[in-house]
Each structure stands twice: as structure tokens, then as C-alpha cells.
Amino acid sequence: ETGVTQSPTHLIKTRGQQVTLRCSSQSGHNTVSWYQQALGQGPQFIFQYYREEENGRGNFPPRFSGLQFPNYSSELNVNALELDDSALYLCASSPWTGGSPLHFGNGTRLTVT
Amino acid sequence: AQTVTQSQPEMSVQEAETVTLSCTYDTSESDYYLFWYKQPPSRQMILVIRQEAYKQQNATENRFSVNFQKAAKSFSLKISDSQLGDAAMYFCAYRSGWGAGNMLTFGGGTRLMVKP
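Protein chains in written order, with the working numbering: chain A, 16 to 128; chain B, 737 to 852.
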């Protein structure tokens with residue numbers, strides 16, 4: 016089975032710009048979530064998508080938005096980038112079933128200068 | 737809101753020895769799941785072990801086992817016969833049992849070093 020894949024691996028952007036990160040979920044997984052992991056910290060939940068709709072959101076401003084496509088792949092969009100947005104962004108997928116473990120991708124390292 | 741605390745920023749163990757990583761959590765819920773994830777330098781979060789709160793029996797996966805103390809809200813990870821490949825960041829995570837989906841609350845992590 017194909018695991019969770021994320022692109023790009025690394026990205027450098029300038030403050031104020033916009034960025035789109037992409038994620039392909041593991042085969043058979045219909046739920047995708049995104050996490051932000053600042054250097055030296057644990058991941059923080061951004062939001063999750065199920066059936067192409069946002070279904071749960073953490074404490075992140077509206078400039079963080081996303082999409083889920085019919086094939087369950089997903090995008091994370093961040094507008095008006097700030098220096099504090101520099102982090103590792105992790106995508107995870109799982110079945111919707113409660114308690115199912117998350118399967119993570121290798122992440123996208125975003126640097127905002 | 738739930739919180740997860742890992743009080744040991746770094747731990748060190750000799751190869752082939754046993755080490756225990758600590759995790760405490762705070763919740764008012766009775767139904768939930770707890771996880772330990774490993775994050776090597778490759779950055780990918782890898783599931784180590786999973787515990788369902790309604791199960792009293794501690795979960796075990798080969799060299800990895802947990803000590804789940806529900807009343808104390810404690811969830812420690814024991815690694816036996818430590819190997820060099822166990823060196824990584826370890827994160828404890830909580831998931832509510834209500835509803836479904838992928839929202840995990842993570843602790844701050846413990847860096848495990850394994851000495852040859």
C-alpha cells in the first residue's frame with residue numbers, strides 16, 4: 016500500500032507571500048489532518064478534512080485554510096506568511112473510524128524569511 | 737481542553753538496557769486513546785504503541801510496553817533491550833474517544849539517545 020506523501024520537501028518563502036502544501040493520503044484513508052510542528056516542539060493540530068469538508072480546527076487563524084479532493088488528497092494554504100509560520104508541516108491520514116492510528120507523511124519544512 | 741505533558745526533555749540509555757519515558761495528561765473524559773509516536777531524523781511520525789482507555793491491560797508491542805495508570809492519568813513507555821535505531825524523539829499523544837477523526841494532542845516530546 017502507498018503511504019502518505021507530502022510535497023514539497025522544503026520550501027522557502029518571504030513574509031507576506033502565500034504558500035500551498037500538498038498531501039496524498041494513504042490508500043483507503045478518507046480523513047486527512049494537518050499539523051504544525053515548530054522546532055523543538057510537539058505537533059499542533061491545525062484542522063482535519065473528511066468528505067471534502069473541514070471537520071475540526073485547532074487554534075489557527077483563518078489565513079490557514081485547506082481543501083480535500085474526491086481522491087482524499089489535500090492541500091494546506093497559508094496566506095500572508097509570518098516569520099512564526101516557519102515550521103515543519105505534517106499531514107496525516109486515517110480512516111474516519113474512532114481511535115484509528117494516524118499515518119504521517121515526512122512533512123514539508125517551511126522557512127519564512 | 738486536554739493537555740499532555742512530557743517532563744523529560746532528554747533521556748539517555750545504554751544499548752541493550754531498559755528505559756522508561758514518562759507522560760501525564762489531563763482530561764475530564766472517560767473514553768479516550770493514548771499513543772506513543774517516534775520521530776527519527778527522517779521527520780516521519782511512526783506509531784509505536786496505542787492504548788485504549790477502557791482497556792485495563794497495558795499494551796505491548798515487541799520490546800515496547802506501556803504502564804497505563806488511568807486514575808493517575810499517567811502513560812509511560814518502557815523500551816526494553818534498547819537498540820541504536822531507537823534513538824529519536826518520542827511523543828505522547830491523546831485522542832478523545834468522542835466522535836472520530838484525527839485530532840491528536842501531543843506532548844512536547846522526549847529526545848532519546850542510545851549509547852553503544
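Treat the hints as calculated values from the structure; they're not laboratory data. Since we're looking at a predicted model, the values are computed, not measured. Every residue gets a Cβ at the ideal spot worked out from N, C-alpha and C, and that includes glycine. One or more hints might be untrue.
Claimed, not checked - What follows is a set of in silico ranges between Cβ atoms, one per label pair, in the way DEER data are often shown: (1) B:Q792 <-> A:G31: 34 to 42 Å; (2) B:G833 <-> A:G31: 26 to 34 Å; (3) A:L54 <-> B:T741: 33 to 41 Å; (4) B:P776 <-> A:I27: 42 to 50 Å; (5) B:K814 <-> A:Q33: 43 to 51 Å; (6) B:N803 <-> A:R78: 36 to 44 Å; (7) A:G55 <-> B:E797: 39 to 47 Å; (8) B:A807 <-> A:G31: 47 to 55 Å; (9) B:R799 <-> A:L98: 35 to 43 Å; (10) A:R30 <-> B:R799: 39 to 47 Å; (11) B:K809 <-> A:W111: 22 to 30 Å.
What the hints assert, rightly or not - Residues of chain A clear of chain B, computed beta-carbon distances all greater than 12 Å: (12) G18; (13) R72; (14) L82; (15) N86; (16) D99; (17) D100; (18) L105; (19) W111.
Stated by the list, open to error - To be clear about the criterion: a stretch of chain A counts as covered by chain B if any three or more of its residues have a C-beta under 8 Å from a C-beta of chain B, and this derived list gives those stretches: (20) 41–53; (21) 57–66; (22) 116–123.
Next item on the list: State the violated hints by number, sorted upward, taking the hints as numbered earlier in the document.
Entry: Going through the list in order, the structure violates hints 1, 2, 3, 4, 7, 12, 13, 18, 19 and respects the others.
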